[in-house]
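Q: Here are the chains, one letter per residue:
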Amino acid sequence: MKSQIWKLGTVGAVTTLALLVMAGTAGAEEFDAHASIISLGYGLDTFYLLMSGALVMWMAAGFTMLEAGLVRSKNVVVILTKNVALYSVACIMYLLFGYQIMYGGGSGVLPGFSFLIGPEHTAAAVQAAGGDITYSHLADFFFQVCFVATAMSIVSGAVAERMKLWAFLAFALVLSGFIYPIEGYWKWGGGFLDTLGFVDFAGSGVVHLCGAAAALAGVLVLGPRTGKYKNGKIKAFPGSNLPLAALGTLILWVGWFGFNGGSQLKVSTIADANAVAMAFVNTNGAAAAGLVTALLLSQFWFRKADLTMALNGALAGLVAITAEPTAPGPLLATGIGAVAGLLVVVSIITIDKLKLDDPVGALSVHGVCGIFGLMAVPLSTGTFVAQLTGVVCIFTWVFITSLIMWLIIKVAMGGLRVSEEEEYSGVDIAECGLEAYPEFSGDK
Amino acid sequence: MKSQIWKLGTVGAVTTLALLVMAGTAGAEEFDAHASIISLGYGLDTFYLLMSGALVMWMAAGFTMLEAGLVRSKNVVVILTKNVALYSVACIMYLLFGYQIMYGGGSGVLPGFSFLIGPEHTAAAVQAAGGDITYSHLADFFFQVCFVATAMSIVSGAVAERMKLWAFLAFALVLSGFIYPIEGYWKWGGGFLDTLGFVDFAGSGVVHLCGAAAALAGVLVLGPRTGKYKNGKIKAFPGSNLPLAALGTLILWVGWFGFNGGSQLKVSTIADANAVAMAFVNTNGAAAAGLVTALLLSQFWFRKADLTMALNGALAGLVAITAEPTAPGPLLATGIGAVAGLLVVVSIITIDKLKLDDPVGALSVHGVCGIFGLMAVPLSTGTFVAQLTGVVCIFTWVFITSLIMWLIIKVAMGGLRVSEEEEYSGVDIAECGLEAYPEFSGDK
Amino acid sequence: MKSQIWKLGTVGAVTTLALLVMAGTAGAEEFDAHASIISLGYGLDTFYLLMSGALVMWMAAGFTMLEAGLVRSKNVVVILTKNVALYSVACIMYLLFGYQIMYGGGSGVLPGFSFLIGPEHTAAAVQAAGGDITYSHLADFFFQVCFVATAMSIVSGAVAERMKLWAFLAFALVLSGFIYPIEGYWKWGGGFLDTLGFVDFAGSGVVHLCGAAAALAGVLVLGPRTGKYKNGKIKAFPGSNLPLAALGTLILWVGWFGFNGGSQLKVSTIADANAVAMAFVNTNGAAAAGLVTALLLSQFWFRKADLTMALNGALAGLVAITAEPTAPGPLLATGIGAVAGLLVVVSIITIDKLKLDDPVGALSVHGVCGIFGLMAVPLSTGTFVAQLTGVVCIFTWVFITSLIMWLIIKVAMGGLRVSEEEEYSGVDIAECGLEAYPEFSGDK
Amino acid sequence: MKKIEAIIKPFKLEQVKDALTDAGITGMTVSEVKGYGRQKGHKEMYRGAEYNIDFNPKIKIELAVPDEQVDQMVTVIRGAANTEKIGDGKIFILPLEEVVRVRTGEKGENAL
Amino acid sequence: MKKIEAIIKPFKLEQVKDALTDAGITGMTVSEVKGYGRQKGHKEMYRGAEYNIDFNPKIKIELAVPDEQVDQMVTVIRGAANTEKIGDGKIFILPLEEVVRVRTGEKGENAL
Amino acid sequence: MKKIEAIIKPFKLEQVKDALTDAGITGMTVSEVKGYGRQKGHKEMYRGAEYNIDFNPKIKIELAVPDEQVDQMVTVIRGAANTEKIGDGKIFILPLEEVVRVRTGEKGENAL
Ligand SMILES: Nc1ncnc2c1ncn2[C@@H]1O[C@H](COP(=O)(O)OP(=O)(O)O)[C@@H](O)[C@H]1O
Ligand SMILES: Nc1ncnc2c1ncn2[C@@H]1O[C@H](COP(=O)(O)OP(=O)(O)O)[C@@H](O)[C@H]1O
Ligand SMILES: Nc1ncnc2c1ncn2[C@@H]1O[C@H](COP(=O)(O)OP(=O)(O)O)[C@@H](O)[C@H]1O
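So the sequence lines, in the order shown, correspond to chains A, B, C, D, E and F. For the first sequence, the numbering used here gives the first residue as 1, with consecutive numbering after it. For the second sequence, the numbering used here gives the first residue as 1, with consecutive numbering after it. For the third sequence, the numbering used here gives the first residue as 1, with consecutive numbering after it. For the fourth sequence, the numbering used here gives the first residue as 1, with consecutive numbering after it. For the fifth sequence, the numbering used here gives the first residue as 1, with consecutive numbering after it. For the sixth sequence, the numbering used here gives the first residue as 1, with consecutive numbering after it.
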């Protein structure tokens with residue numbers, strides 16, 4: 001299409017012109033301007049949503065790198081494979097089922113089960129709506145589809161280094177096609193949680209708590225990595241490539257501007273633009289504060305500046321502010337991030353003491369700090385009761401359905417775990433027949 | 001410039017205001033609105049094109065990481081150097097020659113040979129055009145320049161681990177300055193392929209097939225890596241760093257939203273915005289489907305979930321949908337991606353059996369799936385005959401001119417290949433005097 | 001917020017509509033269009049600034065990867081920690097103090113010392129300004145905050161592999177909270193350098209020279225890495241992971257489109273859009289040219305195509321064009337980049353001969369080429385005298401205050417350097433208790 | 001004195017080390033090696049092409065001991081390293097003429 | 001029994017391994033080492049500063065054999081590893097007093 | 001002839017190499033090993049969980065020398081490697097029956 005527009009104008013342009021001409025003929029010159037403004041605003045908001053979606057999609061790379069950096073080298077290929085495959089599976093399932101379940105309306109608790117994603121808005125319909133339809137339907141789908149992948153990415157980190165690849169992907173089918181869309185409907189699809197006044201701007205609950213609840217169920221069914229808790233002692237399995245972990249965190253950080261900034265869904269008015277800008281500033285401030293407090297706490301507690309804790313601290317701040325990044329001012333947002341950064345360190349240690357083996361800290365970052373973020377919303381808006389109801393409903397639904405699914409998959413596939421021998425020599429060779437760094441490890 | 005605007009408004013703003021005032025004096029109040037809308041639309045489309053271009057530029061990092069991950073550690077520095085240098089060379093050559101050859105008009109087959117890139121649109125000219133000039137000329141140049149680098153990146157992967165650095169860069173000069181712009185002119189510059197009705201929205205043919213044809217010529221002249229095909233057996237040379245390969249693929253994936261989404265060239269009307277959104281959704285869906293089918297096929301065929309095949313599957317889907325990402329619906333796009341994912345696995349195995357040594361699978365991904373994508377266009381638009389003509393013309397032109405160039409360079413530079421000893425001990429030390437990972441490999 | 005807009009329109013939309021209605025009632029139909037256009041333009045420019053800011057934030061990842069790739073593996077974790085922590089510290093300090101110092105007005109030399117960042121523009125105020133307020137105040141803050149982190153990132157590379165983590169972070173507090181904002185005020189805040197006609201569009205001086213001057217002071221106080229200059233010979237300490245260095249450079253390259261392209265601050269008029277497009281093209285051209293000339297020079301000088309020099313060459317071109325990327329044409333910009341690419345290689349060798357130990361070449365890239373870029377501005381605009389004044393003032397201020405700060409920190413924290421034994425065995429274990437690649441290095 | 005060189009499976013290193021220290025050994029030297037033997041390597045697929053990994057990762061332990069401890073240590077190593085599967089490894093015993101401690105210059109069994 | 005230690009060029013490993021197995025060897029242990037010798041290392045430039053790489057990468061093969069096979073194996077190794085260029089390596093022969101198979105406890109030549 | 005095996009601290013490698021070449025040695029073989037001994041490893045924290053690194057990184061130098069040079073070389077190594085701190089390492093001396101130069105087939109001291 002590259003040359004045509006340049007020379008002639010496209011079908012699109014022609015259509016618009018036609019509309020403008022029609023408008024011009026039907027009414028007066030002013031209609032012309034109105035239609036053009038609606039058209040331009042639609043273009044801007046659609047573009048804004050698509051760029052935000054691309055940033056959220058980019059978070060898939062962030063999770064991939066973060067998790068690849070925090071597992072041992074013998075399990076890196078599988079974690080890479082899981083991450084790229086879960087993103088793909090989530091996109092396809094959400095196209096086929098999830099989106100329409102989530103946004104197809106329903107009775108408040110039960111969504112109306114329908115498929116696919118519905119037709120695009122016609123130019124005529126947009127004009128007729130007089131400014132109420134402000135962006136492309138497909139752009140909305142694209143933005144939303146990247147969120148479900150985020151939820152599933154959270155799971156992959158927590159069950160890393162021991163779960164079978166195909167068992168994991170089977171679960172991804174169900175979470176992205178059904179479990180997530182149903183609770184998503186409760187809030188963003190206009191279901192009962194929305195009616196109740198539950199506030200979750202960009203998904204501390206709908207996305208992050210959901211992922212963490214599914215992960216927790218998985219971790220419980222799966223058990224810890226062999227040798228992790230031996231003779232009452234916790235064994236450390238240091239991550240194999242910390243630059244990748246840092247890169248992953250920074251990717252997530254930049255992607256989060258799309259996650260939170262895009263969730264306003266509209267940037268074409270002054271108020272919306274201000275809200276989006278506020279979301280950017282608060283997102284950045286919360287992450288920065290979370291990183292700093294986690295680093296300081298690790299220094300005071302362990303006498304070492306633990307980089308992996310600092311990275312988790314940044315993510316903790318991001319997750320916490322996601323519940324409502326437009327209502328608090330920058331100082332309050334920074335404060336929320338700071339508390340999340342402390343919380344995540346304490347939570348990681350505690351969860352490890354509880355012998356819940358979570359190689360990347362996903363339960364703490366997305367679960368504990370997701371809940372914290374939701375419960376901190378009343379500091380600026382919303383009510384405590386509505387927030388608590390949201391947390392309980394989302395957690396319960398996702399945890400229980402996930403537990404059932406994990407158990408079904410366990411039975412159906414003859415176990416969720418690789419064999420102990422495969423675990424010892426690394427799931428990479430067992431599942432993928434590849435090594436991540438074949439020239440640098442023992443086996444050449 | 002940072003403070004002035006804030007306080008006073010810029011020359012730009014002043015100019016615009018002046019124009020508006022002029023318009024206001026000359027005609028009626030409505031003209032004011034019209035000029036503002038043209039100006040705003042120009043700003044939006046220019047920004048959209050620049051962001052899309054930045055995403056395409058980012059693909060350079062994707063190719064760099066993908067190729068660095070898939071070669072052996074002793075050849076990593078050269079592949080990094082080739083990739084950053086080819087991008088730079090392509091940018092300079094396209095500025096000096098390529099752009100004007102491609103978009104300077106011509107006789108249909110022969111472009112008019114002129115240089116540089118022509119002047120920017122003045123505000124007055126844009127206003128006078130009344131909405132037909134919708135974005136900055138330089139923004140268009142920027143968007144286009146990133147495409148030629150993509151074509152050349154494809155070559156670098158296929159000839160990796162054995163070609164001399166400077167021979168490769170000499171070829172880059174010619175491809176980006178002449179070979180690519182001429183066939184690009186045929187389609188996007190309004191040449192005979194465009195007249196014929198050949199459809200290639202974002203470059204499955206113009207960019208990807210072009211790169212693959214040049215690569216094929218190079219591989220034929222160059223021969224396989226030493227030891228690759230020995231005693232009738234194919235030897236595997238596993239890639240040295242799979243996290244980088246996964247990262248590279250994800251970078252390409254996100255960059256492709258600029259590649260396909262930006263090729264609409266305009267987002268400021270409802271129809272254009274819808275087309276861009278469709279391009280995003282279809283691009284994502286095709287990649288996801290390609291990844292999943294390639295992974296499944298490798299599991300069934302090799303009994304292992306081969307990550308490198310899955311990554312190639314995603315790229316295969318992306319290349320295939322690039323021919324026309326706005327016409328098919330999301331389901332058809334997903335289907336096209338799914339077929340490409342299967343095709344690429346079969347093609348990689350076949351090409352390896354033919355003893356064409358392509359370390360990263362570039363011939364299969366960009367060549368075979370580029371052709372497949374072009375030939376799949378008639379499923380939604382265009383004609384079979386026009387598509388076939390396009391494929392044949394692009395392939396023949398690029399392959400023959402490239403073959404000639406490789407042979408000329410071979411003679412002029414005393415061979416395209418490094419010596420066998422240099423190949424054994426790695427081209428990194430021989431060509432760059434550096435090791436990629438000096439502390440992790442034998443030689444310290 | 002995801003569902004509400006879709007169904008009803010937001011508060012923002014409502015406000016706008018209300019305004020439009022008011023406008024409509026008060027005056028004539030045309031007023032309606034005017035308000036809508038102001039609103040839409042505000043949305044576009046805010047979005048443009050936020051995306052540009054996100055790209056600049058992404059540069060933090062670029063510095064992190066570049067530096068992690070160029071240090072030895074035993075010092076990688078600390079450099080990662082420094083980079084993520086300095087970004088966070090800078091964000092918080094700039095929120096609390098820096099922004100208001102820099103943009104709060106003042107006497108020309110002394111800024112008015114005030115705190116925090118002031119309130120957002122209300123929709124009414126924006127409308128009342130009739131087009132003079134074109135973007136969100138918070139978006140401006142977000143864009144600016146990412147610049148200060150860049151300045152500090154420059155320092156971290158130069159003092160790598162020997163400085164104590166917490167000493168470094170203490171310095172980051174002061175630079176980002178005070179030293180940088182004060183000289184930033186001189187130019188971008190409307191201080192005396194701005195009045196003088198000093199041109200520094202996007203920060204060759206304000207950001208890059210500032211970072212380099214602070215780094216130089218640090219390097220002088222700190223001394224070289226142990227063993228670097230022994231018996232009059234320069235010892236090479238090859239970087240441990242060149243793919244990361246290449247990735248970092250490419251991240252910086254793409255981020256620079258936000259750095260330079262965003263510094264126009266506005267894209268919603270034809271003239272502004274053209275300027276932004278010019279900034280993109282020139283930024284890209286200068287980087288490409290710098291890479292090529294540095295690569296060629298290293299080939300001729302050392303007989304090897306030194307990738308690390310090529311990467312520094314690209315950055316040199318980027319830094320040099322940053323002083324004024326909108327005034328020169330693409331050819332001149334390419335020329336400026338080309339000279340910078342040569343200059344940086346000569347400078348790196350010279351600085352090493354002077355026994356100033358700079359592991360990543362930051363002094364040459366940001367200092368020498370920053371000055372070169374500023375002094376090259378008169379080729380297209382501005383005066384030689386004003387440029388020289390700017391260089392001298394910025395350098396002197398930053399160098400002297402930094403020197404004092406480093407000395408204060410040295411005394412207060414009992415030395416800036418880790419002990420010789422810690423340096424030998426790597427600062428990672430000493431400071432962070434972690435290894436970057438625990439499975440690949442000796443110590444397991 | 002003798003030098004004992006034991007080739008064992010990597011995942012047995014910790015057990016062997018613990019058993020040896022329990023038996024009173026105060027020092028040893030360990031390195032990563034690759035073994036070729038009755039235990040065959042494995043076949044892998046990379047992008048559809050098969051490749052053999054002939055060598056298995058092994059750990060080599062080097063241990064200098066007084067003559068009279070040789071039998072005991074061999075027994076200890078066998079006890080800890082044995083999985084009764086092929087590829088468990090070998091123990092080599094070489095004559096060792098002298099040992100010197102770098103730090104002090106002590107010689108012979110005192111240097112161990 | 002004897003222990004043969006051969007230092008060879010890395011790219012000869014496969015040939016030497018094949019030649020040894022053809023000659024009837026069933027096991028060996030291989031490791032990566034760095035060699036310093038007549039074959040000088042190389043000079044490299046990094047950012048304009050010269051640096052010497054004094055050590056060349058080499059492979060060390062360790063092989064326990066019965067006394068009577070020593071000469072044959074030395075010939076086999078030399079035949080396969082020889083490139084007639086400096087740096088081809090060395091073969092060391094050390095006395096080996098005992099070999100024990102970890103799995104079975106067999107001793108002496110039976111353990112090989 | 002004898003084979004000298006010295007275990008030293010990694011950062012002493014260059015000094016030891018220089019001292020040995022000054023003493024007339026023309027070749028040696030070096031590898032990375034991990035040492036366990038009186039010098040204890042260190043404790044680290046990773047995400048709040050403590051872990052022990054029992055092994056310290058060491059360098060092993062292998063050196064074949066004529067009998068009469070043994071004492072000199074031991075002295076040279078000790079002189080260069082000694083930091084007078086625990087963990088400086090050990091020197092082992094083993095009998096060496098034969099040396100063969102791969103390239104030429106020379107044997108005995110001529111092959112060194
Ligand atoms: N003749 C030999 N010389 C040196 N090392 C050997 C020899 N034979 C076996 N090894 C080493 O012992 C390891 C185990 O031997 P293998 O034959 O696989 O099993 P097993 O010891 O159970 O018979 C091998 O991987 C190799 O490292
Ligand atoms: N005296 C020695 N002790 C131990 N290893 C040696 C000795 N001399 C040489 N080597 C090893 O043999 C390798 C080859 O020796 P070199 O002198 O380079 O060539 P050549 O064997 O052809 O004379 C060296 O790299 C080193 O690993
Ligand atoms: N009995 C032994 N057999 C083999 N290697 C040993 C033995 N004892 C010590 N070593 C090696 O020597 C190194 C130094 O020994 P250590 O006891 O820590 O200090 P020192 O040599 O100063 O007494 C150890 O790290 C280990 O590699």
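Take the hints with a grain of salt, since some may be wrong.
[Unchecked claim] To give an idea of the chain F side of the interface with chain E (calculated C-beta under 8 Å), a few residues: (1) Ala-64; (2) Pro-95; (3) Glu-97; (4) Val-99; (5) Arg-101; (6) Val-102.
[Stated by the list, open to error] Pulled a few chain D residues facing chain A out of the computed Cβ check, cut under 8 Å: (7) Phe-11; (8) Glu-44; (9) Met-45; (10) Tyr-46.
Hints are computed from structural coordinates only; laboratory data are not their basis. We put the beta carbon where it would ideally sit given N, CA and C, even for glycine.
Q: If a hint holds in the structure, say so; if it doesn't, say that too.
A: Structure-based check of all given hints:
For Ala-64(F), the shortest C-beta to C-beta distance to chain E is roughly 6 Å, which falls under 8 Å, so the interface hint holds. Look at Pro-95(F): its Cβ gets to within about 6 Å of chain E, closer than 8 Å, so that hint holds up. With a cut of 8 Å, the hint placing Glu-97(F) at the interface with chain E holds, because the nearest CB-to-CB distance is about 5 Å. Against a cut-off of 8 Å between C-beta atoms, the interface hint on Val-99(F) holds, since the closest Cβ of chain E lies about 6 Å away.
Because the smallest distance between the Cβ of Arg-101(F) and any Cβ of chain E comes to about 6 Å, under 8 Å, the interface hint for this residue holds. Annotation: Val-102(F) was flagged as interfacial toward chain E, and the flag holds, the nearest CB pair being 4 Å apart, inside 8 Å. Because the beta carbon of Phe-11(D) sits about 6 Å from the nearest beta carbon in chain A, less than 8 Å, this interface hint is met. Taking 8 Å as the C-beta cut-off, the interface hint given for Glu-44(D) holds, the closest approach to chain A being about 5 Å.
About 5 Å separates the beta-carbon of Met-45(D) from the nearest beta-carbon of chain A, less than 8 Å, and the hint is met. At a threshold of 8 Å, the smallest CB-CB gap from Tyr-46(D) to chain A is about 7 Å, leaving the interface hint in force.
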